[in-house]
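Residue numbers (the numbering used here), protein chains in the order written: chain P, 1 to 590; chain U, 1 to 338.
I should point out that these hints are in silico values taken from the structure, not numbers from a laboratory.
Heads up, a few of these hints could be off.
DSS-like mimics (lysine-lysine), calculated; alpha carbons at most 30 Å apart, straight line [stated by the list, open to error]:
#1 P:Lys399 - U:Lys64
#2 P:Lys9 - U:Lys223
#3 U:Lys223 - P:Lys442
#4 U:Lys10 - P:Lys395
#5 P:Lys201 - P:Lys7
#6 P:Lys258 - P:Lys7
#7 U:Lys335 - P:Lys154
#8 P:Lys363 - U:Lys335
#9 U:Lys60 - P:Lys399
Okay, the calculated beta carbon distance ranges per label pair [to be verified]:
#10 P:Arg461 - U:Pro329: 55 to 63 Å
#11 U:Gly111 - P:Ala27: 16 to 24 Å
#12 P:Gly251 - U:Pro329: 12 to 20 Å
#13 P:Asn396 - U:Ser71: 26 to 34 Å
#14 P:Lys399 - U:Arg63: 23 to 31 Å
To be clear about the criterion: a stretch of chain P counts as covered by chain U if any three or more of its residues have a C-beta under 8 Å from a C-beta of chain U, and this derived list gives those stretches [what the hints assert, rightly or not]:
#15 242-255
#16 331-337
#17 363-375
#18 402-414
#19 423-432
#20 456-466
Virtual Cβ for every residue (Gly too), placed ideally from N, Cα, C.
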Amino acid sequence: MLMNLFKFKGGVKPPTNKTQSVTLPIAVAPIPSRLVVPLHQSIGGTPRPVVQAGDKVLKGQLIGEADGWISAAVHAPTSGTVLEVAMHTQPHPSGLDSLCVVIEPDGKDEWIARDLVDYKSMAPESVREKLQQSGVVGLGGAVFPTHGKLTASKTVPMDELVINGAECEPFITCDDLLMRERAEEVVRGIGIFRDLLQPKKVLIGIEDNKPEAAAAMRAAVEAVGEDFVVVQVPTLYPAGGAKQLIRVLTGKEVPASKRSTDLGVQCFNVATAYTAWRAIAQGEPVVSRLVTVTGNVGEPRNYEVLIGTPMDELLKLAHPHPDTDGIIMGGPMMGFLVPDRRVPVIKATNCLIAHDERLFPPKAPEMPCIRCGACARACPHELQPFEMYWFSRAKNFGKTQEYNIFDCIECGCCSFVCPSRIPLVQYFRFAKSEIWAREREKNAADQAKARFEFKQLREEREKAEKAEKLAKAAAAQAAKKAAEAAAAAAAPAESAAQPVAAEAAAPVTAPVPPAAAPATGDAEKAAKMATIEAAMARAKAQREAVQPKNTDNLTPEQQKAAADIEARRVAAHLIEPEPAQPAAPPDPKS
Amino acid sequence: MFAPAPFLLKDVSVSQVMIQVCVALIPGIAAYASLVGPAILVQLVIATLAALIAEALMLKVCRKPMALFLSDGSAIVTAWLIALTFPPLAPWWLIATGTAFAIVVAKHLYGGLGQNPFNPAMVAFAVCIVAFPALMSQWPSVGLQLGLIEQMNIILGWAPRVDALTGATPLDAMKTALKLGDGSFDVTTLLANQDIYGNFAGRGWEWVAAGYLLGGLWLWHRKLITWHVPVAFVASLSLISGALWIYNPSQFASPLFHLLSGGAMLGAFFIATDPVSGCTTPRGKLIFGAGCGLLAYIIRVFGGYPDGVAFAVLLMNLCAPVIDLLTQPPIFGMKDKA
Ligand code: SF4
Ligand code: SF4
Numbered sequence: 001m002l003m004n005l006f007k008f009k010g011g012v013k014p015p016t017n018k019t020q021s022v023t024l025p026i027a028v029a030p031i032p033s034r035l036v037v038p039l040h041q042s043i044g045g046t047p048r049p050v051v052q053a054g055d056k057v058l059k060g061q062l063i064g065e066a067d068g069w070i071s072a073a074v075h076a077p078t079s080g081t082v083l084e085v086a087m088h089t090q091p092h093p094s095g096l097d098s099l100c101v102v103i104e105p106d107g108k109d110e111w112i113a114r115d116l117v118d119y120k121s122m123a124p125e126s127v128r129e130k131l132q133q134s135g136v137v138g139l140g141g142a143v144f145p146t147h148g149k150l151t152a153s154k155t156v157p158m159d160e161l162v163i164n165g166a167e168c169e170p171f172i173t174c175d176d177l178l179m180r181e182r183a184e185e186v187v188r189g190i191g192i193f194r195d196l197l198q199p200k201k202v203l204i205g206i207e208d209n210k211p212e213a214a215a216a217m218r219a220a221v222e223a224v225g226e227d228f229v230v231v232q233v234p235t236l237y238p239a240g241g242a243k244q245l246i247r248v249l250t251g252k253e254v255p256a257s258k259r260s261t262d263l264g265v266q267c268f269n270v271a272t273a274y275t276a277w278r279a280i281a282q283g284e285p286v287v288s289r290l291v292t293v294t295g296n297v298g299e300p301r302n303y304e305v306l307i308g309t310p311m312d313e314l315l316k317l318a319h320p321h322p323d324t325d326g327i328i329m330g331g332p333m334m335g336f337l338v339p340d341r342r343v344p345v346i347k348a349t350n351c352l353i354a355h356d357e358r359l360f361p362p363k364a365p366e367m368p369c370i371r372c373g374a375c376a377r378a379c380p381h382e383l384q385p386f387e388m389y390w391f392s393r394a395k396n397f398g399k400t401q402e403y404n405i406f407d408c409i410e411c412g413c414c415s416f417v418c419p420s421r422i423p424l425v426q427y428f429r430f431a432k433s434e435i436w437a438r439e440r441e442k443n444a445a446d447q448a449k450a451r452f453e454f455k456q457l458r459e460e461r462e463k464a465e466k467a468e469k470l471a472k473a474a475a476a477q478a479a480k481k482a483a484e485a486a487a488a489a490a491a492p493a494e495s496a497a498q499p500v501a502a503e504a505a506a507p508v509t510a511p512v513p514p515a516a517a518p519a520t521g522d523a524e525k526a527a528k529m530a531t532i533e534a535a536m537a538r539a540k541a542q543r544e545a546v547q548p549k550n551t552d553n554l555t556p557e558q559q560k561a562a563a564d565i566e567a568r569r570v571a572a573h574l575i576e577p578e579p580a581q582p583a584a585p586p587d588p589k590s
Numbered sequence: 001m002f003a004p005a006p007f008l009l010k011d012v013s014v015s016q017v018m019i020q021v022c023v024a025l026i027p028g029i030a031a032y033a034s035l036v037g038p039a040i041l042v043q044l045v046i047a048t049l050a051a052l053i054a055e056a057l058m059l060k061v062c063r064k065p066m067a068l069f070l071s072d073g074s075a076i077v078t079a080w081l082i083a084l085t086f087p088p089l090a091p092w093w094l095i096a097t098g099t100a101f102a103i104v105v106a107k108h109l110y111g112g113l114g115q116n117p118f119n120p121a122m123v124a125f126a127v128c129i130v131a132f133p134a135l136m137s138q139w140p141s142v143g144l145q146l147g148l149i150e151q152m153n154i155i156l157g158w159a160p161r162v163d164a165l166t167g168a169t170p171l172d173a174m175k176t177a178l179k180l181g182d183g184s185f186d187v188t189t190l191l192a193n194q195d196i197y198g199n200f201a202g203r204g205w206e207w208v209a210a211g212y213l214l215g216g217l218w219l220w221h222r223k224l225i226t227w228h229v230p231v232a233f234v235a236s237l238s239l240i241s242g243a244l245w246i247y248n249p250s251q252f253a254s255p256l257f258h259l260l261s262g263g264a265m266l267g268a269f270f271i272a273t274d275p276v277s278g279c280t281t282p283r284g285k286l287i288f289g290a291g292c293g294l295l296a297y298i299i300r301v302f303g304g305y306p307d308g309v310a311f312a313v314l315l316m317n318l319c320a321p322v323i324d325l326l327t328q329p330p331i332f333g334m335k336d337k338a
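Chain P on its own, in the form it takes in the complex:
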């Protein structure tokens, strides 16, 4: 079928290095000695652990319960015994720990009871719920819970459903192999998304360097009897970025400030469609994924890997050469070196590349920017990287925002082409994290201030009222006593209580009682008590104010970004020199 394709500006053509890992079919990686399954594997709330040490689990059994709507459940990847629920190092550039369920496999790989259902008989709502409970998330790298993307906009009609099989990053071939070998299930999974979103058309974009995958997908579309269009898009990094693929296939440009559904389009990765089908039709939650193992290895290949498999065990299967000095998770453009080779494979792990200096020679020293503009011409989001770099360096973060730094998808095209070898993306991550941190601090300070002032107001009013009551009572009593004792001796002087009470109530508009009573010990004592109480309350309010809890109203993406940034900041203090820190894999892919 002929289709009018659009172009996105910029992009680069790094050597693809894909042929090495496509010669062999997908292999199933053996069950490792131990599985470390992080609970937080998707954007959104961290699932709550529902197992504890000593529990026996079956393959596919729930071990982490979704927390909130934007969150996805986590399951035991195989049958075995839970050894512990504890903090372990994550496959994240910061090297931070997070809560994991550690399972010792029993080798039986025994499934839970799987109910095979016909999803067409299910209500759309329960399909979404089922996806959430099966832990289906975007497997292109973004790991956004899939069910959260399956609701069309209420105002904008759904025009296109874009399925991302572009796989533009060099070295990675897991989607390619998935489409070659399991195209039918992918197509059926796309059918689920189509039924939930009801788009006018479904477009499957595959880079034209994968003709086998495209052919397999076409055949599967025909076999299943769907009308999806398989489109071969020009090979150009980052054509597999969700926004770039949407642009190429539909001509629509989704700005950073909008959701794609606001423009009547939604995008999913092929592997996500595959797992959705397995989850819905076969009742198999996401407990494994395809991972390309390549780079400095003897036998590059794609493996079906249980989530939680330690990366070094997986890498061993491909026979890494002895001079391997690190593992990159993800592709060479957006991936990162894992902090520890034993970190587990997670849902976001699409590729492991054995790193060595032959494949990735050390970078030449950084030179000053010569404003050649190569970076701007390469930027798929049409930004001015050198301007953002200049202002990031100068720590003039306001200016970086004027140059739209938050539209940067951290694809690395700019760094790739820069003749001065400036690690531009690092500067942008640094700037973004600084802006985030500052905004958080400012919000925290603002909120704390407001909360403090409000609390102070309220408490001081309460104290004033209390003091007033006490003073009144005391005054009444004193007046009675005084009246009894010396009826004529009453002096209408200002009571000692009044100034104290007035002070307690000073910043408040609450009426201060004219405690025009004779000074007595009782009244004074009561008023003093009230003052002390007020002061204590103030101190308490101040104490509380310095521990703001202001992360309540953030979107899941914001929370993720904020968490990443926190992690980076921690890492930064460990590693020091400012922007040259490792950073999280950002994710233009869906």
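Here the structure of chain P is known, so what remains is to put chain U with the ligands in place on it, guided by the hints.
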């Protein structure tokens, strides 16, 4: 720890960029050398040496990594542009001083590579033409055939600078002639004087211009420059010269004459395209190039200097930051708002 993503980088570097600029200058240099003799090669060597010495000195003073920056090639490009814009028989010390000034003052005192707001070569040209107007206007007389030794002697000051040896450029000659102009000269008769003016723009000069054009196109083909600046430069120069030429062909030379003479082609492809001191946005580059072409024409035709390219570029350098600021292109997804 290794450098973070991207782990793959394109095989490019600043020195590669600069070397390619030098390579692109070679056709023009070859034509130039065949026109005025080997003197120009001597000047290129003098300028290169002066630039490298000045650069090394400044790197030492500024405590920057010597080998890294000395090999980036940027000083050599500056030096070559100076050698190609100064009169080929200018005394050695003029070229050397000009180059040193460009490197020390116009480049390093502003912060070194990438930081200079003005094109260093053009700063040197402007300073020297103001300071040594006579020396800067002496061009070898047309048809003067001197051997390498004689030219060396003149450059090194071992032979007297005989006035007869040098004259004005065709551009300057025409301006002077027209200025004398009591009507006894006009462009048509001047140009008919084939001896000086060659086919279009002065004997042999059109070949030099063609050489630069060729090199410039190659730079464009290599994606080291974009089309915006040269096209806008050439278009604006042609438009204004064409308009005045149509208005009064006996007083104003044709666009072709202007395009092919003086520093027009060198300016359009090699000087106004300098990214450091020029504009960076596409629309900004168009404005920048057009401004250079227009100002160059005005200065060379109505001003007091033999050619206007240097001043035009410097004036536009001054405006570049503002132009850039005002011509920021809309970003992905925000085009309807722009
Ligand atoms: S590519 Fe590098 S040197 Fe060129 S403008 Fe961008 S940051 Fe500067
Ligand atoms: S990393 Fe950001 S600035 Fe650089 S090319 Fe990609 S989107 Fe543009």
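Results for each hint:
| no. | hint | in the structure |
| --- | --- | --- |
| 1 | P:Lys399 - U:Lys64 | holds, 28 Å |
| 2 | P:Lys9 - U:Lys223 | holds, 15 Å |
| 3 | U:Lys223 - P:Lys442 | violated, 45 Å |
| 4 | U:Lys10 - P:Lys395 | holds, 28 Å |
| 5 | P:Lys201 - P:Lys7 | holds, 20 Å |
| 6 | P:Lys258 - P:Lys7 | holds, 20 Å |
| 7 | U:Lys335 - P:Lys154 | holds, 25 Å |
| 8 | P:Lys363 - U:Lys335 | violated, 36 Å |
| 9 | U:Lys60 - P:Lys399 | violated, 33 Å |
| 10 | P:Arg461 - U:Pro329: 55 to 63 Å | holds, 57 Å |
| 11 | U:Gly111 - P:Ala27: 16 to 24 Å | violated, 56 Å |
| 12 | P:Gly251 - U:Pro329: 12 to 20 Å | holds, 19 Å |
| 13 | P:Asn396 - U:Ser71: 26 to 34 Å | holds, 32 Å |
| 14 | P:Lys399 - U:Arg63: 23 to 31 Å | holds, 29 Å |
| 15 | 242-255 | holds (count 5) |
| 16 | 331-337 | holds (count 6) |
| 17 | 363-375 | holds (count 11) |
| 18 | 402-414 | holds (count 4) |
| 19 | 423-432 | holds (count 3) |
| 20 | 456-466 | violated (count 0) |
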